[in-house]
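Got chain U sorted already, so can you dock chain G onto it with the hints?
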Amino acid sequence: MRLVMVIDQSKCLGCKSCVVACNIENSIETNNNWTEVFDMVSGQFPNYHREFVPRPCNHCSKPPCVDICPTKASQKDKLTGTVQIDQKRCTGCRYCMSACPYKVRVFNWKKPGKVLNENPASPKRPKGTTEKCTFCFHKTGKEIFDAKKEGRKHRVEYNAKDAVLPACVEKCVGKSRIFGDLDDPDSFVSRLLSKNQYKVLLKSKGTKPNVFYIN
Amino acid sequence: MSISRREFLGITGAAVGTTLLGQAGYNLLQPGQVYYFKKGLEIKEWKKGICRYCGTGCGLKMGIGANGEFVAIKGWEDYPVNFGTLCPKGLTLCHVVETEERAEDCLLRQPDGTFKKISLDEATNIAAEKLNTAIAKDKDSVALYLGAQLFTEEIYLGNKLFKGVIGTNNVESNARLCMASAVTGFLTTFGIDEPIGNYADIDTADCIFLIGSNAAEMHPPLFGRIMWNRSKNKNVTIISADPRYTPTAAHADIWLPFLPGSDLYLMNAMTYVILNEGLYDQKFIDDHVQFAIGGAGGYAFTDKQHQAMRNFLKGTRFHRPAEYKKLFDNKKGYPADFEMFKEFISAYKPENVEKITGVKAKTIYKTTRIFAKSKRTVTLWTMGPNQRTSGTWCNNMMYNLHLLTGKIGTPGNAAMSLTGQSNACGGVRESGSLAHLLPAHRSVKNKKHRQEIEKVWEVPAGSISPKVGLHTVKLFDSLGSKVKVLYIACSNPAQTMPNLDKYIKKMKSRNVFIIVQDIFGPKNNDGFHNRTPELADLFIPCSFWAEKGGVFGCSERRSCYTTKALKNRANLKADWELFKMVAEKMGHGKYFEKYKTTEDIWDEYRACSYGRDVDLSGASYEHMLKYGGAQWPIPRENEGIKDGDTKIRCNTQYDRHLQRLLKKGEIDQKLIPADNIYFYGQHKKGPKKKWGKAKVFLRPGTPPAEEVDNLFPLSLTTGRVVQHWHTGTMTMRVPSLKKMVPECFIEINELDAKKYGDIKDGDPVLITSKRGSLEIKARVINTKQRDLTNIPGRASIVREGVVFVPFFDSSKLINIVTNASVDAKSKQPEYKVCAVNIKKV
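Chains as they are written, first to last, in my numbering: chain U, 1 to 215; chain G, 1001 to 1841.
What the hints contain is simulated information worked out from the structure, not anything from laboratory work. Hints may be right or wrong, so weigh each one.
[What the hints assert, rightly or not] No farther apart than 25 Å at their CA atoms in a straight line, the calculated lysine-lysine pairs in the DSS-like style are these:
(1) 103/U x 1739/G
(2) 205/U x 1784/G
(3) 195/U x 1232/G
(4) 142/U x 1044/G
(5) 1739/G x 110/U
(6) 195/U x 1234/G
(7) 111/U x 1738/G
(8) 1784/G x 103/U
(9) 1739/G x 111/U
(10) 110/U x 1738/G
(11) 127/U x 1739/G
(12) 127/U x 1738/G
(13) 199/U x 1234/G
(14) 161/U x 1232/G
(15) 1784/G x 199/U
(16) 103/U x 1738/G
[Claimed, not checked] According to the in silico footprint, chain G covers these stretches of chain U (three or more CB under 8 Å from chain G):
(17) 4 to 13
(18) 17 to 23
(19) 31 to 44
[As the list claims (entries may be wrong)] The calculated label-pair distances, taken between Cβ atoms and stated as ranges, are:
(20) 206/U x 1742/G: 35 to 45 Å
(21) 1671/G x 197/U: 53 to 63 Å
(22) 148/U x 1676/G: 53 to 63 Å
(23) 111/U x 1098/G: 12 to 22 Å
(24) 109/U x 1784/G: 31 to 41 Å
Please read these numbers as outputs of a predicted model, since none were measured by experiment. Ideal Cβ placement from N, Cα and C applies to all residues, glycine included.
Chain U with its partners taken away, still in its complex shape (with noise of 0.2 Å):
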């Protein structure tokens, strides 16, 4: 399985539902944003390109943050295909968010959850570790667990009946967002990416990032 996100930049707006959606659902202290918005303008008057760039983390098949992690708290999880951190196993050395090209990774100086009134649901994290966007795995990998130890199939996938997705795909006002299993040749997503022409960021890296920008 490789959950992955396909952002619609054709839709998006710009307006940060996204962020606001992700702080509120995970706790998130209003310094340390896991997704953000880039805005990009280039041209010249009155031909200018504007150009919106959401970025969560991108759950790299081959996440350098995890193999320099010294403690193994960084992890690539067998189920889901998604880059997780073990909260517990954190000491807070700081070696992954240097090593990640994307810089999605945050440091929690405070302990999360004090600005923001917070999800009961949200992952609990200790002051003094690293954290980053986790495609809402308290939501969604909870979700493909159940399903898998019930036998039955699982609801994350875009435009399924009470589908579970992350917060900021639910939020977004432009459905720009769209999630889902890659591995899953009738996913949403599959058909997508099969059908367009897409891009990611840095792919000169070498990091094989999951998160695909088509237009």
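Relative to the frame of chain U, chain G by itself:
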């Protein structure tokens, strides 16, 4: 993250193919968008409501815990406006409800300028005493200034206290500053207020023309609908006319970067192309259009508009200088016809106005052809055309484009002004809280209307004054002289009035007693300024939004009820309860005894709208919650019937009011043309052949009140950003929103930045106009930037010669700089254009 642009853009993966998105379609109803605010609390029930912020009017659901706690929020999945989506402001409403900065004490200003804590009983006593003392001398020395974010019921009750019981028409609302021109635009063209179409037209239109509207930031769920429409239908063209390269312009297929204040020239040039290339609909014009100059509404032109009109008439066979003034004074106005209109428009060849508008003629031709040739076209505008000294004219011009091409009154064809505030349409326009209005589109000047409302209000005959009250700018001009007591509820004029310094001085004057009702008080621990409460002589705290419950009416004539879902804080009272208390203390308790709940007020109001064009009599609380609001006209016979409301007005197939008029025989069935469209607002005005015909006005291009010159070479335009709502009193209390845009900025074009002293991004800049100056941080977007760097606070690119400043920041009051000139008809000030100079500090 350092990623080069080339690296990002140059990489492509799979094969090229058709986009699947279009075929598969989108699942609009995403389940489970629940956002928890409270730890470990179970949600006992979901209660429905309408978002507190903008005029889109999104539906939401509040998750309430066992003890009445506000636990979670989510979009109302099947609400026909937002279909379950919420923008970042709506998503974080809980933080505003629960912030520790909420005021809880009544405060009275002492002679030394400090505040003393008093009880609510004392506060209402003082308010009543001050009002009574002033009224004893002169009824018109008191005034009420309301926010268009109060519920309709509260506005209705405040209106009754001042207009019905006290007997003064000095009741104004801050909606005067945001949509008065839209009202006069509708009234002059169609003879009735509020839009013909609705939001659903956006979903089926082929061309969406946005002018002076940054919907992607200001009405995100609505712009989301535009994007979904385009994703399903590849033929959809989005056109954005805006001096700034906003997110809306970035998503548009065509951007028309016109110079601020040249909108009339631009639209006249578009009309030229329509007429010259024969893109107009002759049948529609014959059936539904009459041509006019000024007549309707009398002599309401500014000097500059008169000058423009004279200049046009001079060269034509309609030149009658001796009669000019007389013809405009007279109700009938200048005679006009299609031939005259053609002659008039011939001066606006796109090539001729290229220099004035700053838009290439080629682009105007292309845009107009798409506009006119598309099967279904929707035009949306917001404050750009409204906040202008030619606001009414701009609105007329938009309808001209639609009327000439016959694109109005049918599904998918609409032209409407998107309101800024949640209840500007519902509370202010419909329930009549402006100086010349009475509830349900009635006028204070009309004797029959006054009598009807006196009966409804159960006040003695003759209580309502026939004299039109003071409009907002005049009201604040009269502070201390004519007006001695000003009662402000739920508005922040000390930050939003144009030419602010002048009005702050007036508000500080000892000759005026200011009563302020707000959720935020003058004293704050977070260092934030609540400008109006700071100037209050008497401050009364009140409850907020879902703590009181009531009805909001949004831009598309849809009203919906917000449940009283939240527990009231401590001793706070709702605004309507406070109005009632003050009235009781003034000795007018008997007129307010019958109002025990908001539903009592609503039921009285909707009953009095029966038979009017704004017929809300079928919209009971229950009906609105069941069917996701109701679009008026909805007569009481249709209460409880699904789709018993009106999607499109002025079309006999849809409009419940028009159907009723036909049934009653007030309009003869024979008058209705084959396409079922009949603009009944213009019925019985003028000779018979003009009955039921909308007006196409000749509106010559007019410059703004203040033009750029050598001393002040730049145009300033103001507005909002997506994260902050109006004056920021609410959204600046939400940590995640405040973090994103912590302070205001001035957007400057790269070329201007170089020209005016090599200004770099982040430099402090002094912005000066004839009225005042202010130091703000510069935001210069580098278009050659190659990195994806994140800038806290967002900005768009302005075109050369223009600067933009948002007005949410209470520590940097940009309105010190703006111009207080008003539109002659709508009395709306020109926030959108004034001449400024900038200097690096």
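Q: Take the C-alpha atoms of residue 1739/G and residue 111/U, compute the straight-line distance between them, and say whether it is at most 25 Å.
A: holds (18 Å)
Q: Sort out whether residue 1739/G lies within 25 Å of residue 103/U, counting only the CA atoms.
A: holds (19 Å)
Q: Test coverage of the region 17 to 23 of chain U by chain G using CB-CB distances below 8 Å; three residues minimum.
A: With 5 residues close enough to chain G, the hint holds.
Q) Keeping to a limit of 25 Å between CA atoms, is the pair of residue 127/U and residue 1738/G held or broken? A) holds (24 Å)
Q: Examine the region 4 to 13 of chain U: at least three residues should have C-beta closer than 8 Å to a C-beta of chain G.
A: Since 4 is at least three, the answer is holds.
**Q.** residue 195/U paired with residue 1232/G [C-alpha distance capped at 25 Å]
**A.** Holds: residue 195/U and residue 1232/G sit about 16 Å apart, inside 25 Å.
Q | 25 Å limit on alpha-carbon distance, applied to hinted pair residue 1784/G and residue 103/U | A | Holds - the C-alpha atoms of residue 103/U and residue 1784/G are around 22 Å apart, at most 25 Å.
Q. Measuring from beta carbon to beta carbon, are residue 109/U and residue 1784/G in 31 to 41 Å?
A. Since residue 109/U and residue 1784/G have Cβ atoms about 35 Å apart, the given range 31 to 41 Å holds.
(Q) Count the residues of the region 31 to 44 of chain U whose Cβ falls closer than 8 Å to any Cβ of chain G, and tell me whether that reaches three. (A) holds (count 9)
Q: Take the C-beta atom of residue 1671/G and the C-beta atom of residue 197/U, compute their distance, and say whether it sits inside 53 to 63 Å.
A: holds (57 Å)
Q) Is the gap between the beta carbons of residue 111/U and residue 1098/G within 12 to 22 Å? A) With a Cβ separation near 20 Å, residue 111/U and residue 1098/G satisfy 12 to 22 Å, so the hint holds.
Q. Between residue 127/U and residue 1739/G, does the CA-CA distance stay at or below 25 Å?
A. Distance of about 21 Å is within 25 Å: holds.
Going down the numbered hints, you'll see the structure goes against none, and every one checks out.
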